[in-house]
Amino acid sequence: MGTRVQGTEHEYTLYCRKMGTLGFDPHVMALDLLRESDLHLAGEFIKNGSRAYYDVGHFELSTCEVTNPWDLVTWEKAGEKILDWLRKVMEDKYTAGGVKIHAFKNNTSPDGTSYGSHENYCVSRDVAFPEEFVRTLVPHLATRFIYTGAGDIIDGKYVLSPMAYLTSTIVSGETMHDTGILNTRDEPHADARRWRRLHVIVGDALMNETAILLRHFVTSSVLKLMEENRLKDAPKLKSPVDDVWRNVEIRDPGKWKVHLADGSVVSPIEIQRYYLGKIEALVEDDGDRRAFKLFEEVLDGLGNKSSKHLAHRIEWLDRYYAIQEATADGAGPDVEMSACKQYSEIGEERSLFYQRQRKGLLDRVTTDDRILRAIQEPPADTRAVLRRNLCDKFNIEAIDWSFLVVNDGTRRRIDLYDPYATELEEYAAAI
Amino acid sequence: MQQQSEPRPQKRKKKEEKKLEFEAGKVFNPGEVKEEDFELDLESAKFKAQKGEGGDRRS
Chain C
57 MGTRVQGTEH
67 EYTLYCRKMG
77 TLGFDPHVMA
87 LDLLRESDLH
97 LAGEFIKNGS
107 RAYYDVGHFE
117 LSTCEVTNPW
127 DLVTWEKAGE
137 KILDWLRKVM
147 EDKYTAGGVK
157 IHAFKNNTSP
167 DGTSYGSHEN
177 YCVSRDVAFP
187 EEFVRTLVPH
197 LATRFIYTGA
207 GDIIDGKYVL
217 SPMAYLTSTI
227 VSGETMHDTG
237 ILNTRDEPHA
247 DARRWRRLHV
257 IVGDALMNET
267 AILLRHFVTS
277 SVLKLMEENR
287 LKDAPKLKSP
297 VDDVWRNVEI
307 RDPGKWKVHL
317 ADGSVVSPIE
327 IQRYYLGKIE
337 ALVEDDGDRR
347 AFKLFEEVLD
357 GLGNKSSKHL
367 AHRIEWLDRY
377 YAIQEATADG
387 AGPDVEMSAC
397 KQYSEIGEER
407 SLFYQRQRKG
417 LLDRVTTDDR
427 ILRAIQEPPA
437 DTRAVLRRNL
447 CDKFNIEAID
457 WSFLVVNDGT
467 RRRIDLYDPY
477 ATELEEYAAA
487 I
Chain Z
2 MQQQSEPRPQ
12 KRKKKEEKKL
22 EFEAGKVFNP
32 GEVKEEDFEL
42 DLESAKFKAQ
52 KGEGGDRRS
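As they're listed, the protein sequences go chains C and Z.
Residue numbering for the first sequence follows the numbering used here, beginning at 57 and increasing consecutively.
Residue numbering for the second sequence follows the numbering used here, beginning at 2 and increasing consecutively.
Do not take every clue at face value.
[Stated by the list, open to error] Straight-line Cα separation of at most 20 Å, EDC-like style, residue types lysine to aspartate or glutamate; simulated pairs:
hint	chain 1	residue 1	chain 2	residue 2
1	C	Lys-311	C	Glu-326
2	Z	Lys-19	C	Glu-92
3	C	Lys-415	Z	Glu-36
4	Z	Lys-19	C	Asp-148
5	C	Lys-364	C	Asp-419
6	Z	Lys-19	C	Glu-326
7	Z	Lys-19	C	Asp-94
Please keep in mind that the hints were generated in silico from the structure rather than gathered at the bench.
Because the structure is a prediction, the values reported are computed rather than measured.
Start from the sequences, fold in the hints, and give me the full structure.
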């Protein structure tokens, strides 16, 4: 399939029953600790190329630039582990008497707020925006939640995807209200003449490695097909937001419906099968083949309703089972909500997700060894390694995704406009 | 002909600081995980968002 620079941003919630009342914000404290640690690189960046910052009351972590969905899973999980380490350091350092700090990777918190988990894809500037994206990508984004949904309880009911449930319209530039299936934000963090950064905000924060992999494998494949103009016959949806709102509340795949512009009604599984058929032509290497096979098996499983096996790979389904198990003795809505949130705790000692992973109920697509390496190092095939090498060599006065300012008395600016570049000729000798 | 490059800015030696060191053992020990009870405060757990209110961060 080739490479495509991509990444994710997650707003993590930290919660401590005692800290808030004492006036301490655990999000800020975690960031302070990170910047005092050996993982810190410069500014808001850390050594593995990722960026950590405070955003609207959350600890936000953007992964470094990666080129494929397998690396995306590994570096996204590395971010989770970094925050989990900070959480434990804070528990040891700042709390006494067994007071716990919880950290969640989800999209809604118990205090009634929702927050984002965004994907970024580097896309050719040659593709007409938003027309071509609406025509060929929106049908994918409006139906992919059947295997990328995290599941959540909102308004007292179980929904397959909280962010799909909360989506308001087809196209929007907003990220905090009135959000769209397609977001129009245009901050390329690269040469804007060549690339657009597609900002996907309709996705959920996911714990399940297979679901994360499929989200990025399929979406980046669809973007490749779109760039190569191979989606001329993409399904035309009549009213995607209405269909999203209805389907996201239905757990039975047999009852999902998507209305097409020609008046016919199909299943979102069929829409995804359209993309599956097109993606087959892109499969080149072993990684592509394994991801493609997983995609095919997941769609087959949804079609056959083989739910127990599917739950190993689909988060909304496994979370639903976890909630059912927690309430099997007839417990009420509080226990239901508690289990729903506990699933997304990133601490292995309390997380229902990690409890179930330890029991072998969830399929993995990366390893702890790879994640451990990804905590310390950026991937070798993107700008992230160049940024790291420059920071290791020079004193840095300012840093962003696409430039550095070196503090050598001249305030030399080094532009990093190519997210695929791993070296700069003029600095190759120096680093 | 390529111009002679300017002298490269070199990294200054920083004063030795004691940094907080990442400890893999704190987060990579699934075989030794001691499961704990969940203590989430659910007093305000009723999420009141309405359909279509994407990302509304009410406080």
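So, going through the hints one by one against the coordinates:
no.	hint	in the structure
1	C:Lys-311 / C:Glu-326	holds, 13 Å
2	Z:Lys-19 / C:Glu-92	holds, 9 Å
3	C:Lys-415 / Z:Glu-36	holds, 13 Å
4	Z:Lys-19 / C:Asp-148	holds, 18 Å
5	C:Lys-364 / C:Asp-419	holds, 12 Å
6	Z:Lys-19 / C:Glu-326	violated, 57 Å
7	Z:Lys-19 / C:Asp-94	holds, 9 Å
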